[in-house]
Amino acid sequence: MGDSAYSFSLTTFSRTGKLLQIEYALNAVANGRTSLGICTEDGVVIATDKKLASPLVDIDKVSKVEMITDSTGFVFSGVGPDYRVLVRKARKSSQAYKRHYGETQPVSQLVKQTASVMQEYTQSGGVRPFGVSLLVAGVDGDGKTRLYQVDPSGAYFGWKATAIGKNYINAKNFLEKRYQDDMELEDAIHTALLTLREGFEGEMNSHNIEVGVVRNGKFEVLTPAQIQDYLDEAN
Amino acid sequence: MDTVFGIQFKGGVVLAADQSNARSILVYQNNLDKVKQLSSHSAMGVSGPNADLVNFTEYIAKNLALYELANDGTKLSTKAQANFCRNELAVALRKGPYQVNLLLGGYDEKEMTGSLYFLDYMASLQKVPYGSQGYASSFCLSIMDKEYKEGLSESDALLIVEHSIKEIATRFLINQPNFMIKIIDKDGVRVHSFGADPAET
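Sequence lines, in order, name chains A and B.
Mapping the first sequence onto numbering that gives the first Met the number 0, position 26 (from 1) lands on 25, and the numbers just tick up by one.
Mapping the second sequence onto numbering that gives the first Met the number 0, position 58 (from 1) lands on 57, and the numbers just tick up by one.
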């Protein structure tokens, strides 16, 4: 991998026992646009702020919430191009699973697989860690809904609700106040939109956010029209 | 020369196989168990050389165990196990084929049914209500075609097994005095009967 001149790992321990490259990668994530997710018994919602640099950008062509299998989806905060590499790898590995077992890969295994890839990039020669944290929504082997976060280090966590990227501390506090164990998916979608709006710079509308939902075991990305319906209800 | 067959019934699967281990004109043993357990609720009847029988079944069984260990106790469905076997057969086919023809039967708690899969050494895979491998097919299939009914009970399925074994004993050239019969249902894999105890060596 790479030039022989860089066959050593660039992610090396500091004297204090830290892996600074991973810390810096987490900084890149914290500077990224906010993403959040909420997991309920009947579904999962993930959402992100799609705000871009200029009104000239064709925003509908920008895709941040991506389907990986028919029952799992990703969203991220951090460096976009790094994200697309992970999306491609995850899609490929879940198809390989399908080839072997004839069934859809459960989300927990997909997460472990992706986390393993991200960890490799912290211990290989000539590469740097991925500058993204992922939020993964999906259905597991036992049929239950799950929300996972995967960090640049390759660490992964299951969440009831969480936020990453800019303003994530405020967003998480907001979610903590509003989350209930018996929440339903529709409530969760409303709460997700309210949470996004809290930290939103400027006017939030159905075109500058993106929402993905796991419902009845299937993942779908909401259209701007569907998002608009939810926004109208929230108003 | 092996006789292997299986029937799906309401709530499970029955697998049967002869117990002869023979090559050319010599019979090595009469108490071989050719219905190998794969996981807690699945097994496969294997036709083919003893080396591949043992090698392939142990390889699959241990890989299935590894999956459960690596994935928090998640079990693979019978369909997934059958697809996994098929893939292994397909990969090996163009390198060093496993000369095994299989009938894989299993019970799934989620659907509360048994299912039976036919696989051959060329990595074909087909879900079947009943099936057989080898020369036995010429004798058993017509009996199963006639007597099988969807949703039949365990005792009905065992009756068909009995008829098939009787037919083979009457009409098949090769003498196969002993049969191993196993049942897979919600309680797992259990031996129903055998002609000769595989443990006696």
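Because the hints were derived from the structure by calculation, they are not lab data.
Be a bit skeptical, because a hint or two may be false.
[Stated by the list, open to error] Derived EDC-like pairs: lysine to aspartate or glutamate, alpha-carbon spacing no greater than 16 Å straight-line:
hint : chain 1 : residue 1 : chain 2 : residue 2
1    : A       : K143      : B       : D71
2    : B       : K126      : A       : E102
3    : A       : K111      : B       : E67
4    : B       : K74       : A       : D228
5    : A       : K217      : A       : D141
6    : B       : K109      : A       : D141
7    : A       : K217      : A       : D41
8    : B       : K74       : A       : E175
9    : B       : K78       : A       : E175
10   : B       : K109      : A       : E175
11   : A       : K97       : B       : D71
12   : A       : K171      : A       : E185
13   : A       : K111      : B       : D71
Structure-based check of all given hints:
1. With a C-alpha separation of about 14 Å, the suggested pairing of K143(A) with D71(B) holds against the 16 Å cut-off.
2. The straight-line distance between the Cα atoms of K126(B) and E102(A) is roughly 15 Å, inside the 16 Å bound, and the hint therefore holds.
3. Among the hinted pairs, K111(A) with E67(B) is consistent with the structure: their alpha-carbon atoms are about 14 Å apart, no more than 16 Å.
4. Pair hint K74(B) plus D228(A) does not hold up; C-alpha atoms about 41 Å apart against a cutoff of 16 Å.
5. This hinted pair checks out: K217(A) and D141(A) have alpha carbons roughly 15 Å apart, not beyond 16 Å.
6. For the proposed pair K109(B) and D141(A), the alpha carbon gap of about 9 Å is at most 16 Å, so the pair holds.
7. With a C-alpha separation of about 11 Å, the suggested pairing of K217(A) with D41(A) holds against the 16 Å cut-off.
8. With a CA separation close to 34 Å, the supplied pair K74(B) and E175(A) exceeds the 16 Å bound.
9. Between the alpha carbons of K78(B) and E175(A) the distance comes to roughly 41 Å, so the proposed pair goes past 16 Å and is violated.
10. The suggested pairing of K109(B) with E175(A) is violated, with an alpha-carbon distance near 35 Å, which exceeds 16 Å.
11. Taking the CA atoms of K97(A) and D71(B), the gap is near 19 Å; set against the 16 Å cutoff, the hint is violated.
12. At most 16 Å may separate the alpha-carbon atoms for a hinted pair to count; K171(A) and E185(A) exceed this at roughly 19 Å.
13. At most 16 Å may separate the alpha-carbon atoms for a hinted pair to count; K111(A) and D71(B) meet this at roughly 12 Å.
Comparing the model with each numbered hint stated earlier shows that hints 4, 8, 9, 10, 11 and 12 do not hold.
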